[in-house]
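Number of protein chains: 2
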Amino acid sequence: MDHNKTPSIKIFEVGLRDGLQNEPQILKTSNKLGLIDRLSETGIKDIELTAFANPDLIPTLYDHKDILALYKKKYGTNYSALIFNYEGYINLRKYEFDQFSVVVSASNTHNIRNINKTINKTLEDFSIIAKHAKRDNRPFRAYLSCVFGCPYEGYIDTDSVVNISKKLVSLGACEISISDTIGAGTHQEVSSLFKKLLKFIPARKLAFHAHGTRGMAMANICIALKLGIRTFDSAFGGLGGCPYAYGASGNISTEDLVSMLYNLGYTTNINLDKLCQVSLYSKRILNRHIQSKIFSMYNK
Amino acid sequence: MDHNKTPSIKIFEVGLRDGLQNEPQILKTSNKLGLIDRLSETGIKDIELTAFANPDLIPTLYDHKDILALYKKKYGTNYSALIFNYEGYINLRKYEFDQFSVVVSASNTHNIRNINKTINKTLEDFSIIAKHAKRDNRPFRAYLSCVFGCPYEGYIDTDSVVNISKKLVSLGACEISISDTIGAGTHQEVSSLFKKLLKFIPARKLAFHAHGTRGMAMANICIALKLGIRTFDSAFGGLGGCPYAYGASGNISTEDLVSMLYNLGYTTNINLDKLCQVSLYSKRILNRHIQSKIFSMYNK
Chain A
2 MDHNKTPSIK
12 IFEVGLRDGL
22 QNEPQILKTS
32 NKLGLIDRLS
42 ETGIKDIELT
52 AFANPDLIPT
62 LYDHKDILAL
72 YKKKYGTNYS
82 ALIFNYEGYI
92 NLRKYEFDQF
102 SVVVSASNTH
112 NIRNINKTIN
122 KTLEDFSIIA
132 KHAKRDNRPF
142 RAYLSCVFGC
152 PYEGYIDTDS
162 VVNISKKLVS
172 LGACEISISD
182 TIGAGTHQEV
192 SSLFKKLLKF
202 IPARKLAFHA
212 HGTRGMAMAN
222 ICIALKLGIR
232 TFDSAFGGLG
242 GCPYAYGASG
252 NISTEDLVSM
262 LYNLGYTTNI
272 NLDKLCQVSL
282 YSKRILNRHI
292 QSKIFSMYNK
Chain B
2 MDHNKTPSIK
12 IFEVGLRDGL
22 QNEPQILKTS
32 NKLGLIDRLS
42 ETGIKDIELT
52 AFANPDLIPT
62 LYDHKDILAL
72 YKKKYGTNYS
82 ALIFNYEGYI
92 NLRKYEFDQF
102 SVVVSASNTH
112 NIRNINKTIN
122 KTLEDFSIIA
132 KHAKRDNRPF
142 RAYLSCVFGC
152 PYEGYIDTDS
162 VVNISKKLVS
172 LGACEISISD
182 TIGAGTHQEV
192 SSLFKKLLKF
202 IPARKLAFHA
212 HGTRGMAMAN
222 ICIALKLGIR
232 TFDSAFGGLG
242 GCPYAYGASG
252 NISTEDLVSM
262 LYNLGYTTNI
272 NLDKLCQVSL
282 YSKRILNRHI
292 QSKIFSMYNK
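Listed in order, the protein sequences are those of chains A and B.
Residue 2 is where the first sequence starts when you use the numbering used here, and the numbers rise one by one after that.
Residue 2 is where the second sequence starts when you use the numbering used here, and the numbers rise one by one after that.
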């Protein structure tokens, strides 16, 4: 890398959604709003606020409507929410937001278990949502999950990942978040998949969503960086996997990622100290150990 | 990498020394012997048992003589101990061992604080120890610490690291363990240093000793692997950094490393299940949370 150029990296903060979604504790809306305020002050420009999910299925995100109604916008920051279907989009549209996300799995079984329909049906539904979004001038990102393995199907075919990604781009997705949901991707697999994707999709439309399940997330992010990927999903405090529970499959922590990027000579314009303050706040309201490396140095 | 070849990786297990050295708790000798027995059964072929250290300085390794007197050797496994000076070597020689280790820092200040002498004086002392070791037919490895930064001096000059490494090889060290004591090395720094070292020293004489302080250990190990390094230091359970204390600067966990190597197509001949049993035992006797990713999946 040419250090004189210091490429800029976009961090897509998923802690409030993918993080809290997997936490055992249910936070008060006021605490979540406190997290949003603090995150907005760190310099992060892309914050996913919540998901329009059925509270019976994801109890921790019970208050998605209140979050959208009450969060404080910071000028220049891109606030988004995840929706699962057209009804979710219609509900989201009642509130102020900059962007929204949709999700489809590279594994048909996982997709059926997760959102109760096949991959093909999901993509058909996206095309309807995409048309409305285009008319409303709302960009959307698409998570493509389980790209390096599925808890049900195991091996996932790379060609199928590439084909779904191409389809998502053709539907108008501004960004495809290539998601290693179970943290199973190896150095070679990450390298091989992104090389294939980059033949069809420009790097600016690709994001990498790594999970720390097997400790390979940072190594894999380095590979994606080398191939030109410039957008990475992460969660403050590495939220999303309880340190004492099965898998510890949290998202990669935003503070560890920002610190590594800084050390590698990339810029993020994110204030690491303020980021650690977010994790400190989350430690207090969740009353649990935060497993991020940088936070544990900060919180000595 | 050519998967048909599946290169074999040597794991140098440092949990009993570098791990326990930094743990706040003092274990009973019987528990340490229990750890050694279990580690020997995992398939790990290189186990550092302890250090001949002053118990006032490293209280947790108070029983190094008892450990050397009482440990059960498994045929084919290489047992070693760290010594700090000639006196240590003379003491160690009273016991049964296969190899020993010495340590010098790439930072003069760190070396003086750590072992109370300059780098030059340390290397002079090594030359005396090395002569005796050669006569006794005992191979020794040398840890070169703080190669990517020092808590006192900060930046460390790469040329100086290369020169000390060359000197250590010329003194007869069978292996130089390039040690990122504070876990500060970046992808580029690791790549650049090993490339320089490999101009003078064959890969089989180089090991990489990574710490997880900033979450970059696995990424850095992947870089070293690509450059042909085939020996890595690690500690069962990622011991050596308390998860609740400053820095969380533990060694990289042996189980996470073995799992990643397996996923990358390398062989270690180490049984991951038995390795997790070692961490489970250590969890019980240390009565603390084990932060290894693979162990937390195993210990669900």
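Hint data in this document are derived by calculation from the structure and do not stem from the laboratory.
Mixed in with the good hints there might be a few duds.
[Stated by the list, open to error] Short, incomplete list of chain B residues facing chain A, as computed with Cβ under 10 Å: (1) E88; (2) G89; (3) A185; (4) Q189; (5) G213.
[As the list claims (entries may be wrong)] Cut-off 27 Å, straight-line C-alpha distance, at most; resulting in silico cross-link-like pairs (DSSO-like, lysine-lysine): (6) K227(A) - K196(B); (7) K284(A) - K301(B); (8) K75(A) - K122(A); (9) K206(B) - K196(B); (10) K284(B) - K227(A); (11) K275(A) - K301(A); (12) K227(A) - K200(B); (13) K227(A) - K197(B); (14) K301(A) - K284(B); (15) K196(A) - K227(A); (16) K284(A) - K135(A); (17) K206(B) - K118(B); (18) K196(A) - K73(B); (19) K75(A) - K200(A); (20) K73(A) - K275(A); (21) K132(B) - K197(A); (22) K168(A) - K196(A); (23) K196(A) - K74(A); (24) K29(A) - K227(A); (25) K284(A) - K132(B); (26) K118(B) - K73(B); (27) K132(A) - K227(A); (28) K168(B) - K200(A); (29) K11(A) - K167(A); (30) K168(B) - K66(B); (31) K75(A) - K118(A); (32) K118(B) - K135(B); (33) K11(A) - K168(A); (34) K168(A) - K227(A); (35) K132(A) - K46(A); (36) K122(A) - K74(A); (37) K118(B) - K74(B); (38) K196(A) - K227(B).
Predicted model, so just to flag it, every value in this text is computed and none were measured.
Backbone N, C-alpha and C define an ideal beta-carbon position, used for all residues, glycine too.
Hints, one by one, checked against the model:
| no. | hint | in the structure |
| --- | --- | --- |
| 1 | E88 | violated, 35 Å |
| 2 | G89 | violated, 32 Å |
| 3 | A185 | holds, 8 Å |
| 4 | Q189 | holds, 7 Å |
| 5 | G213 | holds, 7 Å |
| 6 | K227(A) - K196(B) | holds, 18 Å |
| 7 | K284(A) - K301(B) | holds, 22 Å |
| 8 | K75(A) - K122(A) | violated, 36 Å |
| 9 | K206(B) - K196(B) | holds, 14 Å |
| 10 | K284(B) - K227(A) | violated, 38 Å |
| 11 | K275(A) - K301(A) | holds, 16 Å |
| 12 | K227(A) - K200(B) | holds, 24 Å |
| 13 | K227(A) - K197(B) | holds, 21 Å |
| 14 | K301(A) - K284(B) | holds, 22 Å |
| 15 | K196(A) - K227(A) | holds, 11 Å |
| 16 | K284(A) - K135(A) | violated, 39 Å |
| 17 | K206(B) - K118(B) | holds, 26 Å |
| 18 | K196(A) - K73(B) | violated, 50 Å |
| 19 | K75(A) - K200(A) | violated, 36 Å |
| 20 | K73(A) - K275(A) | holds, 17 Å |
| 21 | K132(B) - K197(A) | violated, 56 Å |
| 22 | K168(A) - K196(A) | holds, 17 Å |
| 23 | K196(A) - K74(A) | violated, 37 Å |
| 24 | K29(A) - K227(A) | violated, 40 Å |
| 25 | K284(A) - K132(B) | violated, 55 Å |
| 26 | K118(B) - K73(B) | violated, 35 Å |
| 27 | K132(A) - K227(A) | violated, 35 Å |
| 28 | K168(B) - K200(A) | violated, 48 Å |
| 29 | K11(A) - K167(A) | holds, 22 Å |
| 30 | K168(B) - K66(B) | violated, 30 Å |
| 31 | K75(A) - K118(A) | violated, 36 Å |
| 32 | K118(B) - K135(B) | holds, 24 Å |
| 33 | K11(A) - K168(A) | holds, 23 Å |
| 34 | K168(A) - K227(A) | holds, 25 Å |
| 35 | K132(A) - K46(A) | holds, 26 Å |
| 36 | K122(A) - K74(A) | violated, 34 Å |
| 37 | K118(B) - K74(B) | violated, 34 Å |
| 38 | K196(A) - K227(B) | holds, 18 Å |
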